[in-house]
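Chemist: Protein chains in written order, with my numbering: chain A, 1 to 287; chain B, 1 to 319; chain C, 1 to 254.
Mixed in with the good hints, there may be bad ones.
Claimed, not checked - Straight-line Cα separation of at most 20 Å, EDC-like style, residue types lysine to aspartate or glutamate; simulated pairs:
{"hint": "1", "chain 1": "C", "residue 1": "Lys7", "chain 2": "C", "residue 2": "Glu232"}
{"hint": "2", "chain 1": "B", "residue 1": "Lys182", "chain 2": "C", "residue 2": "Asp107"}
{"hint": "3", "chain 1": "C", "residue 1": "Lys71", "chain 2": "B", "residue 2": "Glu277"}
{"hint": "4", "chain 1": "C", "residue 1": "Lys108", "chain 2": "C", "residue 2": "Glu93"}
{"hint": "5", "chain 1": "C", "residue 1": "Lys77", "chain 2": "B", "residue 2": "Asp196"}
{"hint": "6", "chain 1": "C", "residue 1": "Lys77", "chain 2": "B", "residue 2": "Asp150"}
{"hint": "7", "chain 1": "A", "residue 1": "Lys88", "chain 2": "B", "residue 2": "Asp196"}
{"hint": "8", "chain 1": "A", "residue 1": "Lys160", "chain 2": "A", "residue 2": "Glu172"}
Calculated directly from the structure, the hints in this document are not laboratory data.
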Amino acid sequence: MIFQTLVNGVVTGLMYVLMASGLTLVFGILRIVNFAHGQFYMLGAFVFYVILDVAGLGFPVAFIVSTIAIGLLGLVTEKGLFRPLEGKSLIGVIGTALGLMMFLEGAAELIFGPIDRNVSTVFPGVLRLGGIILPVERLIMIGMSAAVMFALYWWIQRTKSGTATRAVSQDEYAASLMGIKKARCSLLVMGIGSALAGAAGAILGPLFFINPYMGGVPLIKALIVITLGGMGSILGATLGGLILGIVEAFAYTYLGGIAEIIGFLIIIVLLIVRPQGLFGEPFELAE
Amino acid sequence: MRKKAVFIAFGVLVLVLPFLVRDDYYMHLIILSGIYSILCMGWVLILRAGQFSLGQAAFLAIGAYTSAILALKFALSPWLGLLAGGISAAIVALLLGWIVLRIRGLYFAVITLAFNGAVQLIPANVDYLGGWIGLAPIPSFTLGGIEFIDKTSWYYLILALVVLSGLVTWRIERSRLGRYFKATANESLAQSIGIDTVGYRMLAFVIACLFAGLAGGILAPYLNYVAPGDFAVWKSIQVQIQSTIGGTGSLVAGPVTGATMLIILGEVLRAYAKGLEPLLYGLLLLVVIFLLPDGLISLPGIIRKRMRIQNKGEPQNCS
Amino acid sequence: MPLLEVKEVTRHFGGLIAVDNVTLNVEEGEILGIIGPNGAGKTTLFSLLSGFLKLSHGEIIFQGKSIDGLKAHAIAKEGIIRTFQQSNVYRGETVLANIMLACRLQDKVGFWGTLFNVSRYRREEEDKKQRATEIISAIGLRDNINNLAGNLSHGQLRLLGIAMALACNPKLLLLDEPVSGLGLEEIHMIMERIREIRERGITVIVVEHEMRMVMNVCERIIVLNFGKKTAEGTPEQIKGNKQVIEAYLGEEQG
Numbered sequence: 001m002i003f004q005t006l007v008n009g010v011v012t013g014l015m016y017v018l019m020a021s022g023l024t025l026v027f028g029i030l031r032i033v034n035f036a037h038g039q040f041y042m043l044g045a046f047v048f049y050v051i052l053d054v055a056g057l058g059f060p061v062a063f064i065v066s067t068i069a070i071g072l073l074g075l076v077t078e079k080g081l082f083r084p085l086e087g088k089s090l091i092g093v094i095g096t097a098l099g100l101m102m103f104l105e106g107a108a109e110l111i112f113g114p115i116d117r118n119v120s121t122v123f124p125g126v127l128r129l130g131g132i133i134l135p136v137e138r139l140i141m142i143g144m145s146a147a148v149m150f151a152l153y154w155w156i157q158r159t160k161s162g163t164a165t166r167a168v169s170q171d172e173y174a175a176s177l178m179g180i181k182k183a184r185c186s187l188l189v190m191g192i193g194s195a196l197a198g199a200a201g202a203i204l205g206p207l208f209f210i211n212p213y214m215g216g217v218p219l220i221k222a223l224i225v226i227t228l229g230g231m232g233s234i235l236g237a238t239l240g241g242l243i244l245g246i247v248e249a250f251a252y253t254y255l256g257g258i259a260e261i262i263g264f265l266i267i268i269v270l271l272i273v274r275p276q277g278l279f280g281e282p283f284e285l286a287e
Numbered sequence: 001m002r003k004k005a006v007f008i009a010f011g012v013l014v015l016v017l018p019f020l021v022r023d024d025y026y027m028h029l030i031i032l033s034g035i036y037s038i039l040c041m042g043w044v045l046i047l048r049a050g051q052f053s054l055g056q057a058a059f060l061a062i063g064a065y066t067s068a069i070l071a072l073k074f075a076l077s078p079w080l081g082l083l084a085g086g087i088s089a090a091i092v093a094l095l096l097g098w099i100v101l102r103i104r105g106l107y108f109a110v111i112t113l114a115f116n117g118a119v120q121l122i123p124a125n126v127d128y129l130g131g132w133i134g135l136a137p138i139p140s141f142t143l144g145g146i147e148f149i150d151k152t153s154w155y156y157l158i159l160a161l162v163v164l165s166g167l168v169t170w171r172i173e174r175s176r177l178g179r180y181f182k183a184t185a186n187e188s189l190a191q192s193i194g195i196d197t198v199g200y201r202m203l204a205f206v207i208a209c210l211f212a213g214l215a216g217g218i219l220a221p222y223l224n225y226v227a228p229g230d231f232a233v234w235k236s237i238q239v240q241i242q243s244t245i246g247g248t249g250s251l252v253a254g255p256v257t258g259a260t261m262l263i264i265l266g267e268v269l270r271a272y273a274k275g276l277e278p279l280l281y282g283l284l285l286l287v288v289i290f291l292l293p294d295g296l297i298s299l300p301g302i303i304r305k306r307m308r309i310q311n312k313g314e315p316q317n318c319s
Numbered sequence: 001m002p003l004l005e006v007k008e009v010t011r012h013f014g015g016l017i018a019v020d021n022v023t024l025n026v027e028e029g030e031i032l033g034i035i036g037p038n039g040a041g042k043t044t045l046f047s048l049l050s051g052f053l054k055l056s057h058g059e060i061i062f063q064g065k066s067i068d069g070l071k072a073h074a075i076a077k078e079g080i081i082r083t084f085q086q087s088n089v090y091r092g093e094t095v096l097a098n099i100m101l102a103c104r105l106q107d108k109v110g111f112w113g114t115l116f117n118v119s120r121y122r123r124e125e126e127d128k129k130q131r132a133t134e135i136i137s138a139i140g141l142r143d144n145i146n147n148l149a150g151n152l153s154h155g156q157l158r159l160l161g162i163a164m165a166l167a168c169n170p171k172l173l174l175l176d177e178p179v180s181g182l183g184l185e186e187i188h189m190i191m192e193r194i195r196e197i198r199e200r201g202i203t204v205i206v207v208e209h210e211m212r213m214v215m216n217v218c219e220r221i222i223v224l225n226f227g228k229k230t231a232e233g234t235p236e237q238i239k240g241n242k243q244v245i246e247a248y249l250g251e252e253q254g
């Protein structure tokens with residue numbers, strides 16, 4: 001029983017990691033407030049569903065299209081909505097993100113209707129190891145989460161654009177002296193981060209059912225994960241997600257529904273006492 | 001002279017409204033607008049002092065649940081419940097503010113958002129507080145032997161609270177207190193001339209949450225039930241959106257306008273399609289932020305200015 | 001007893017020591033100058049004295065009372081008022097509004113009196129307006145009293161910043177580079193004001209690069225370099241000090 005709970009926790013945790021991957025990049029590293037991250041995830045799931053089940057074009061096509069489509073959405077959002085208001089009033093920055101969030105959820109509800117939909121299972125079957133039950137789908141999901149985080153880590157540490165982004169996040173002025181423009185990085189990051197959100201939706205959507213309101217949870221979980229793991233730390237986000245998943249799994253088993261509150265408490269407590277989370281660069285929030 | 005006449009006409013209209021609107025459904029919307037107006041005025045007050053709250057619905061909840069518990073489990077009068085609702089919301093605001101008000105900007109917003117989420121979950125998971133289904137039925141107010149059942153009595157009660165909240169907020173805006181609130185925008189300058197920025201933010205926060213709690217103390221008996229679903233984070237976001245669309249330049253007119261317009265508009269649209277409400281809110285918010293940053297309230301002024309510019313070429317009559 | 005005692009005050013940022021074991025006293029009624037090359041720690045010292053930065057080590061005693069650890073607005077209340085480099089004022093407000101804001105520390109009527117607009121409150125605001133007008137006239141901004149601060153010239157902005165500090169009734173005034181970037185005439189004007197301020201019994205510490213001004217106005221000068229106090233004395237003594245001259249080789253002489 002304990003081991004099954006642990007396995008469930010790890011699996012859920014990796015789901016959270018996947019949900020958070022895009023936001024880690026966007027908000028954790030470049031502080032872009034994309035409250036619509038959850039809706040990007042939701043739209044990724046819907047595009048996947050439409051391509052797979054409605055158009056019948058198979059898993060690879062569905063996955064690629066949903067990833068790219070949401071990535072493009074991210075680019076448009078950054079260029080059209082976020083960039084013009086960057087650095088201006090808080091209402092502008094936060095309000096725009098919230099407005100987009102509402103708009104996308106409403107649009108999805110209008111287009112797809114409020115009902116739950118089931119996406120066909122691409123990878124059926126269940127694995128039994130010892131007493132542990134693990135659906136094949138989830139195994140695939142674990143693999144893809146790991147792959148995504150590795151790729152993200154590799155990108156930010158080893159590539160020119162990733163290093164440039166890290167430079168901008170640490171010291172925008174110094175980076176500009178070296179010819180690195182924040183606007184370009186923001187665009188790139190929003191593109192990749194949004195694509196990740198879309199991919200997460202495509203991977204995780206089939207695991208449950210999908211509806212236009214499913215964006216709220218991933219946003220909250222992503223926020224918790226990056227607060228816990230540390231803004232801007234990919235390793236931190238991975239560990240943060242796992243910790244959250246495992247803690248929640250045990251809390252649900254032993255405490256029931258109230259376990260939901262743990263995530264919120266983590267955000268509040270961490271932002272007060274240790275805003276940099278587990279692995280982030282230390283920074284001061286309070287005055 | 002004309003402004004005063006408009007004012008008086010408006011006041012009379014507000015006073016006799018229940019006798020003009022004889023439809024229960026519309027009165028319900030107007031009463032809800034009153035509740036949200038109070039939340040929005042508080043939100044803008046907090047904004048004026050330099051903070052961005054995404055958790056006002058939590059304080060509405062605290063007020064509502066306090067009043068409900070006192071009425072249902074302790075058989076206390078709803079009037080006491082109303083008072084207790086306001087006070088408990090203010091106390092929680094004081095405690096929370098003590099810890100988190102020194103944190104600024106986006107992170108404060110995230111904390112209030114998380115706080116709202118957490119507060120919503122507490123009654124949902126505690127049987128004594130009714131769980132997800134909530135608590136009902138909640139006894140109504142009685143004044144001078146008359147029980148508040150008719151929409152009219154509820155209207156006047158909410159109107160009284162809106163007027164009270166509006167007066168306090170308006171007074172603050174006009175007085176030096178409002179100027180000190182605004183001054184906190186330049187943190188270092190304000191501190192250098194002896195303005196306790198965190199202290200003023202605390203004051204704004206407690207006042208706003210006090211009124212939110214009082215509003216909750218009216219909401220619970222009005223709806224005749226309390227349930228966690230009414231106090232979701234989405235409600236706090238609605239407050240922010242209503243206030244922004246109405247206009248944050250003024251502490252009273254903007255928020256009240258925004259709340260009323262959006263509640264009514266939202267309900268009207270809900271009749272046509274459920275998905276339209278968040279769509280409308282989102283779209284309007286984006287339009288206002290980009291095209292009309294001072295909110296709907298600024299529209300008459302802008303139109304007047306445009307007309308004056310157009311009339312500049314004409315011979316001077318009276319402007 | 002000195003008005004201000006700064007004892008072994010140190011402040012570091014990570015590995016960087018901005019202010020290194022600085023000890024000095026300020027006597028009541030004097031005009032003290034602090035000079036040093038850029039990055040010597042002068043503004044950091046001001047931020048420490050006025051409560052905008054916390055001490056890493058050391059003690060600050062003002063009028064016999066320890067003030068380290070107090071928040072900036074509390075220190076303002078104690079009577080230490082600072083100005084900022086590059087004039088920090090409320091540009092969207094009028095000159096009068098700015099000064100009236102700066103009179104905050106003299107407010108006696110509390111929240112409830114303000115809320116109910118009692119006669120004591122209104123009288124207090126009237127008196128405040130009068131006092132503000134006097135301050136504005138004394139500093140020389142009478143003609144601009146109802147102009148937006150954002151429309152003032154550089155020199156006028158400096159005057160406004162100083163006027164705001166004066167409105168707080170300081171016992172100790174910390175002026176951070178009050179004449180940087182100003183023309184000769186404006187520099188003279190500010191020098192006059194500083195002397196007038198001292199005539200009123202206010203102690204002044206001036207941080208400046210403009211050498212002629214410092215030598216003319218200050219009675220005593222302290223030299224900072226790399227966060228340490230390297231010299232202390234009268235203007236004549238400092239002028240002749242070899243180390244000081246070396247430190248300034250290459251720096252613009254005013």
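Chemist: Against this structure, judge whether each hint is valid.
Modeler: Hints and how they fare:
1. C/Lys7 to C/Glu232: holds (15 Å)
2. B/Lys182 to C/Asp107: Measuring from Cα to Cα gives roughly 17 Å; hence the hint holds.
3. C/Lys71 to B/Glu277: violated (46 Å)
4. C/Lys108 to C/Glu93: violated (23 Å)
5. C/Lys77 to B/Asp196: holds (10 Å)
6. C/Lys77 to B/Asp150: Distance of about 55 Å is beyond 20 Å: violated.
7. A/Lys88 to B/Asp196: Violated. Lysine 88 of chain A to aspartate 196 of chain B sits at ~25 Å, over the 20 Å cutoff.
8. A/Lys160 to A/Glu172: holds (16 Å)
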